[in-house]
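2 protein chains.
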Amino acid sequence: MQLNQDTNILIVGLGVIGGGYAKALTAKGYRVYCITKEQKDIDYALAHGIIHEGSTRVDPAVVGKADLVILALYPHIVLEWLQSHQQHLKPGALVTDVTGVKGRLVDEVQAMLRPDVEFISAHPMAGRESSGVEYSDDSVFRGANYIVTPTGRNTPGAIALCRQLGQVLGFARISELSPRKHDEMIAFLSQLTHCIAVVLMNCNTSPHLEAYTGDSFRDLTRIARINDEMWSELFLWNREELLRQIDAFCGTFAEFRTLLAEGDRAGLREMMRYSSFRRALFDKPGADT
Amino acid sequence: MQLNQDTNILIVGLGVIGGGYAKALTAKGYRVYCITKEQKDIDYALAHGIIHEGSTRVDPAVVGKADLVILALYPHIVLEWLQSHQQHLKPGALVTDVTGVKGRLVDEVQAMLRPDVEFISAHPMAGRESSGVEYSDDSVFRGANYIVTPTGRNTPGAIALCRQLGQVLGFARISELSPRKHDEMIAFLSQLTHCIAVVLMNCNTSPHLEAYTGDSFRDLTRIARINDEMWSELFLWNREELLRQIDAFCGTFAEFRTLLAEGDRAGLREMMRYSSFRRALFDKPGADT
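Sequence lines, in order, name chains A and B.
Using numbering that gives the first Met the number 0, the first residue of the first sequence is number 0, and each one after it goes up by one.
Using numbering that gives the first Met the number 0, the first residue of the second sequence is number 0, and each one after it goes up by one.
Keep in mind the hints are simulated off the structure, nothing from the lab.
All of these numbers come straight from a predicted model, not from anything done at the bench.
Hints are supplied without guarantee of correctness; some may be wrong.
Which copy is meant is left open, so a pair is good if it fits within one copy or across any two.
[To be verified] In silico SDA-like links for lysine to any residue, alpha-carbon gap of 20 Å or less:
| no. | residue 1 | residue 2 |
| --- | --- | --- |
| 1 | Lys36 | Glu209 |
| 2 | Lys180 | Asp137 |
| 3 | Lys180 | His207 |
| 4 | Lys180 | Glu209 |
| 5 | Lys180 | Pro206 |
| 6 | Lys180 | Asn203 |
| 7 | Lys180 | Thr204 |
| 8 | Lys36 | Gln163 |
| 9 | Lys36 | Asn226 |
| 10 | Lys64 | Tyr273 |
| 11 | Lys180 | Ala210 |
| 12 | Lys180 | Ser205 |
| 13 | Lys27 | Asp137 |
| 14 | Lys180 | Leu208 |
| 15 | Lys89 | Gly151 |
| 16 | Lys36 | Ser275 |
| 17 | Lys180 | Gly142 |
| 18 | Lys89 | Met229 |
| 19 | Lys36 | Pro155 |
| 20 | Lys89 | Asp115 |
| 21 | Lys64 | Glu52 |
| 22 | Lys89 | Pro59 |
| 23 | Lys180 | Ala253 |
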């Protein structure tokens, strides 16, 4: 299967990511149908030309027509939705998702799914602090990473189509990782950073700090404005790996603290030089940060 | 004393901050003389119209003409420079700085300075990851905070002039803090965030992480590219306060870890809601982050 103008695409969940997918796909001439909870989100998306049709009802005829189903839902709702509606899926349909945790989710979905449909999981590494379709913006995909997480149950055709979807959406770099390796990476790169931002905003309650701050603090805490419902679910679904990353971070922090307490300037400078070297690897191609 | 077009301004140290000051002042029609270590920096600044005159030599006649001396130097060099050259200062001259630590520095400078000149300390909360005059950019001052840190030895006139300097440079918000309170604030808002970024880049050495990262990690580690000479000096000059802030941060992190390990979703969500509330206070006026 190849993604083309005849592909019937169904997006379930018109939040900030589902909305961004819809925007990008519709703008490129694909036909996008959408199912979501709130009528106001359908109305908004129709009024802004983000989708072709939409409904708050799970219409078996609509589900049964879709060649590609994109579940832009919280992990537990991905499972619930498939449990309730997988009998309506078109034979041969491909199902993908946008979820930020993979291991347990991919295992459970692939174990329960009908054998004549295929689930290929992917993680678009581009989010926003605000939620809701009205904040969706497909420009955040440009320059961003897209990770496909296939398992032994996936076919080369499904992996290829999922990669093609990442390209059509405008992602700059498309990679493949096993679901376990993905969860390990994401625990460090995304979940730990969100924990740090939340802890930073909880550990000092002095008033009026904003009058004295610089941009580095603002940058570090941008993500402290956090969707607590979603992130608490993602953290708990990846609890063991996230605990390991927290422990590694806090262990290194203890080493840093010892250098500082002992006045070991050479040791501090060595850690700073290593961090400068490592950070350079993360520059976006063509950008200066 | 009022800053005006007749004020003779001397900037010592043409790095990224000294250069930014020179650029802003020259653009507003002030006459800026500069003393710095490297002839190439003088040449660059003259070629780009950033200063009126400059020299690598400390000419007593030039120092003796300056009404306002801005020391854009590392803390220990502020002390050394004044020890070596304060005898040339003009009676009634005002000396200020741009240093990121205050308590001990302000004490030592005010204790050793000639009684007929005055030292009023200030901290421009705007930096860059790159050092050197060629990276200086006075646009980083717009929207940024400027903190004046007077002591009982300062006169109202000097405080007013220092505040006026912040306005002329284009800072959005000008505040006053005691040197001790400044160091406490800055340990949290600036030094701790730099420690976190450095530790983050030291605690996971997996290769190829950059292919899987999102923007939150990039934002948190932008400052991990760090001038190790300067920051190690700033950390050590503010060691006790920074250790306190590190301990508060790590203590709160331990609480967060316990909630996660125990699967206490309500507790995690409470910390996230508090961080979202606190972070909103730090939005720049008129910006969405």
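Results for each hint:
In this assembly of identical chains, Lys36 and Glu209 lie within 20 Å of each other by CA distance neither inside one copy nor across copies; the values are 38 Å within and 35 Å between. In the homo-oligomer, the alpha carbons of Lys180 and Asp137 never lie at most 20 Å apart, since the shortest distance is 27 Å inside one protomer and 44 Å across protomers. Within a single copy, Lys180 and His207 get their C-alpha atoms only as close as 42 Å, which misses the 20 Å cut-off; across copies the closest is 12 Å, which meets it. Taking the shortest Cα distances, Lys180 and Glu209 sit within 20 Å of each other only across copies (14 Å), while inside one copy they are farther apart (39 Å).
Taking CA atoms no more than 20 Å apart as the test, Lys180 paired with Pro206 passes between copies only; the shortest distance there is 13 Å, against 41 Å inside one copy. In the homo-oligomer, the alpha carbons of Lys180 and Asn203 lie at most 20 Å apart only across protomers (14 Å), although the nearest pairing inside one protomer, at 34 Å, exceeds that limit. Proximity of Lys180 to Thr204 under the C-alpha cut-off of 20 Å is restricted to the inter-copy arrangement: shortest distance 15 Å between copies versus 37 Å within a copy. With identical chains, the CA atoms of Lys36 and Gln163 are never at most 20 Å apart, being 28 Å at best within one copy and 55 Å at best between copies.
In this assembly of identical chains, Lys36 and Asn226 lie within 20 Å of each other by CA distance solely inside one copy; the values are 18 Å within and 50 Å between copies. With identical chains, the CA atoms of Lys64 and Tyr273 are never at most 20 Å apart, being 54 Å at best within one copy and 44 Å at best between copies. With identical chains, the CA atoms of Lys180 and Ala210 are at most 20 Å apart between copies only, with a shortest distance of 13 Å across copies and 42 Å within one. For a Cα distance limit of 20 Å, the shortest separation of Lys180 from Ser205 across copies, 11 Å, qualifies, whereas the shortest one inside one copy, 40 Å, does not.
With identical chains, the CA atoms of Lys27 and Asp137 are at most 20 Å apart within one copy only, with a shortest distance of 12 Å there and 41 Å across copies. Proximity of Lys180 and Leu208 under a CA criterion of 20 Å is satisfied inter-copy only: 11 Å between copies versus 39 Å inside one chain copy. Taking identical chains as interchangeable, the C-alpha atoms of Lys89 and Gly151 are never at most 20 Å apart, the minima being 22 Å within one chain and 79 Å between chains. With identical chains, the CA atoms of Lys36 and Ser275 are never at most 20 Å apart, being 46 Å at best within one copy and 25 Å at best between copies.
Proximity of Lys180 and Gly142 under a CA criterion of 20 Å is satisfied in neither setting, with 22 Å inside one chain copy and 41 Å between copies. In this homomeric assembly, Lys89 and Met229 never come within 20 Å of each other (Cα to Cα): the closest approach is 30 Å inside a single copy and 63 Å across copies. For a Cα distance limit of 20 Å, the shortest separation of Lys36 from Pro155 qualifies neither inside one copy, at 33 Å, nor across copies, at 62 Å. Taking the shortest Cα distances, Lys89 and Asp115 sit within 20 Å of each other inside one copy (9 Å), while across copies they are farther apart (88 Å).
Taking identical chains as interchangeable, the C-alpha atoms of Lys64 and Glu52 lie at most 20 Å apart only when both belong to the same chain, with a minimum of 13 Å there against 75 Å between chains. In the homo-oligomer, the alpha carbons of Lys89 and Pro59 lie at most 20 Å apart inside one protomer (10 Å), although the nearest pairing across protomers, at 87 Å, exceeds that limit. Within a single copy, Lys180 and Ala253 get their C-alpha atoms no closer than 27 Å, and across copies no closer than 26 Å, so neither meets the 20 Å cut-off.
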